[in-house]
Amino acid sequence: MSSRLLSRAPQDTPGTWKSYLGLTAILLVSAFPVYWMFVIATSSDEAVMSSPPALIPGDQLMVNLREVFTMQDVYFTASLINSLIVALAVTASTLFFCSLAGFAFAKLRFKGNNVLMFIVILTLTVPNQLGVVALFIVMNELGWNGTLLAVIAPGLVTAFGVFYMRQFIGHAIPDELVEAARIDGALTLRIYWTVVVPAIRPALAVLGLLTFVATWNDFQWPLITLNGTDYPTSMVALSDLASGNYVVYRRVLAGAFVATVPLVILLLAGGRQLVRGIMEGALK
Amino acid sequence: MALTDVRVAHTEEPKHAPPKRPKFWLHRFDTKTFPYLMVAPFFVLFAIFGLFPLLFNAVVSLRHWHLIDKEKNGWVGLDNFTKLASDTDFWDALVNTFGIFILSTVPQLLIALMIANVLNRKLRGATFWRIGILLPYVTPVAASSLVFAVFFSRDNGLANWFLSLVGFGQEQPLDWRAGTWSSWIAIAVMVNWKWIGYNALLYLSAMQAIPKDVYEAAAVDGASPWRQLWKITVPMIQPVVLFTVILSTIGGLQLFTEPMLFDENPAQANGGYDHQWRTIAQLIYRVGWSDLNLGYAAAMSWALFLIILIVAGINALATRRLGGGK
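In order, the protein sequences belong to chains D and R. Sequential numbering from 1 applies to the first sequence in the UniProt record's numbering. Sequential numbering from 1 applies to the second sequence in the UniProt record's numbering.
Calculated directly from the structure, the hints in this document are not laboratory data. Careful, some of the hints might be misleading.
To be verified - With a Cα cut of at most 25 Å, we get these calculated PhoX-like pairs of lysine-lysine: (1) LYS212(R) / LYS111(D); (2) LYS18(D) / LYS212(R); (3) LYS122(R) / LYS23(R); (4) LYS83(R) / LYS72(R); (5) LYS111(D) / LYS23(R); (6) LYS122(R) / LYS18(D); (7) LYS231(R) / LYS212(R).
Stated by the list, open to error - Partial chain D-side listing against chain R, Cβ under 7 Å, derived: (8) PRO14; (9) SER44; (10) ALA47; (11) SER51; (12) ALA54; (13) ILE56; (14) GLY58; (15) GLN60; (16) LEU130; (17) THR188; (18) SER239; (19) SER243; (20) VAL261.
Unchecked claim - Just some of the chain D residues that point at chain R, by a computed CB distance under 10 Å: (21) VAL48; (22) PRO53; (23) PHE69; (24) MET71; (25) PHE118; (26) VAL120; (27) VAL197; (28) VAL247; (29) VAL252; (30) LEU267.
The model shown is predicted, which means the values in this text are computed figures rather than measured ones. Glycine included, each C-beta is placed from N, C-alpha and C at the ideal position.
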């Protein structure tokens, strides 16, 4: 039995009951904080303060949600809309600019193609966060601090996206297809729209999901530029909910739960694509 | 085959109108200039919001740059850096950052490796497991940090309740935020929870690219699964290990959200009442946007940048040696 197991690559070795037990444990640990967020979000103060703390959901969700949405100076409703605007704008723009640039790098002949692509890859290694002080000053000059523009503009196109699209387009679209369309008299932009875009829908889905998740969850820069304004994103609003001298856990976690729900839905709907995107990204 | 597809798709158009050749100048513009316009948005936006701030940061760090109290603003040479060298707040934050970084990176990558090794087997519901371990990755780090902040509270926190189940801390509950180590551990738990699944998928991806015959050759020598993992799998996926080490170095040394929201009053960016878990990124935020001293915050950013470069370099070398040496 054991010698048969050993003669195989791990990929061909069936999981044992221990594998499944281990994975189940990992899954429970992964899910527990999100589950417990929901438990506290539905509980009363007494349930939160009891010992042991509440482990099954209560019936106070509506009460807690009402408090979150009506809390002064937190602008929770607006913050959700703001997060949606920012995440959608950044995602749409990233998909457009990255696929356009990826198409040029993968299929078009122009001087400096390789050098420019190398620079794109090089910029992947620059930790942007370290420039936040100067970025804040730049936004001040532009008059954008405290507005959603300050959060949207830096994310409009990413080096990773350009790189990912270039790799995908390079494999997915035969050169002859582009040449044939050109012989038919189509301009580059038309080829992009009628040949490239339909062929790269799976890659657009993957990059779109990764971008949306990252943008929705971004905390540091939105906190710096939007804190104290009337236009927070939901992450900034969460930090406001948790600040102050007397913090109400059930209210904080009710807010956190609301801000998490859209992403759990995304994971349920697009989990396959997300897994694929992360795993493909690792190989390049 | 691709060619015929195109012809089929276009058969109807020419009947009504023969394909129009674009005018010469238009064709020239389209093939010579237009590609540059397609890649330009990336370079323009990166120049404005990525590269320029990073370089301009150096200028700011050589100036006194106060946001409101502007009278003293101006060139100060290396004053910000000499101040930094003797600033105990900075060095304390550096120690905290490294402590939390090690507690969060080492278990994170080791556990991810174990999970990937299990996921690499032939499993029922492979996709289900893979999606499941991504839940922490999509959960907003602000939201999960707040859950853990409640989880690790001294009174009625779930962490202490679990500890009491195994007979620990019954006479006096552990005050996670009070101690240096306990607060570091609590924050490291948040980071580990968030990134283990993501890294496991990266490792899994690399493991699945290993040719099967590599294992079959080794099986003749009677390698146990454990030896198989360390002697074959890990060396084979070494480039991805290197990638995750560098990625978690860059991310770990800039840790911000978790320590921020672990505070009982995050707005103050204290990192504990004795700053026992305040990280450098948090200190930069405090100096820049509470004290409004942007020049000094910029100097700290540069210092952090250099530290990250050095540590990432060391880690890269160490990882390369670990994987390739034997």
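Hints versus structure:
no., hint, result
1, LYS212(R) / LYS111(D), "violated (42 Å)"
2, LYS18(D) / LYS212(R), "holds (23 Å)"
3, LYS122(R) / LYS23(R), "violated (59 Å)"
4, LYS83(R) / LYS72(R), "holds (16 Å)"
5, LYS111(D) / LYS23(R), "holds (22 Å)"
6, LYS122(R) / LYS18(D), "holds (13 Å)"
7, LYS231(R) / LYS212(R), "holds (15 Å)"
8, PRO14, "holds (5 Å)"
9, SER44, "violated (13 Å)"
10, ALA47, "violated (10 Å)"
11, SER51, "holds (6 Å)"
12, ALA54, "violated (9 Å)"
13, ILE56, "violated (13 Å)"
14, GLY58, "violated (15 Å)"
15, GLN60, "violated (16 Å)"
16, LEU130, "holds (5 Å)"
17, THR188, "holds (5 Å)"
18, SER239, "holds (5 Å)"
19, SER243, "holds (4 Å)"
20, VAL261, "violated (10 Å)"
21, VAL48, "holds (7 Å)"
22, PRO53, "holds (5 Å)"
23, PHE69, "violated (16 Å)"
24, MET71, "violated (15 Å)"
25, PHE118, "violated (12 Å)"
26, VAL120, "holds (7 Å)"
27, VAL197, "violated (13 Å)"
28, VAL247, "holds (7 Å)"
29, VAL252, "holds (6 Å)"
30, LEU267, "holds (5 Å)"
Violation of the numbered hints given earlier is confined to hints 1, 3, 9, 10, 12, 13, 14, 15, 20, 23, 24, 25, 27; the remaining hints are satisfied by the structure.
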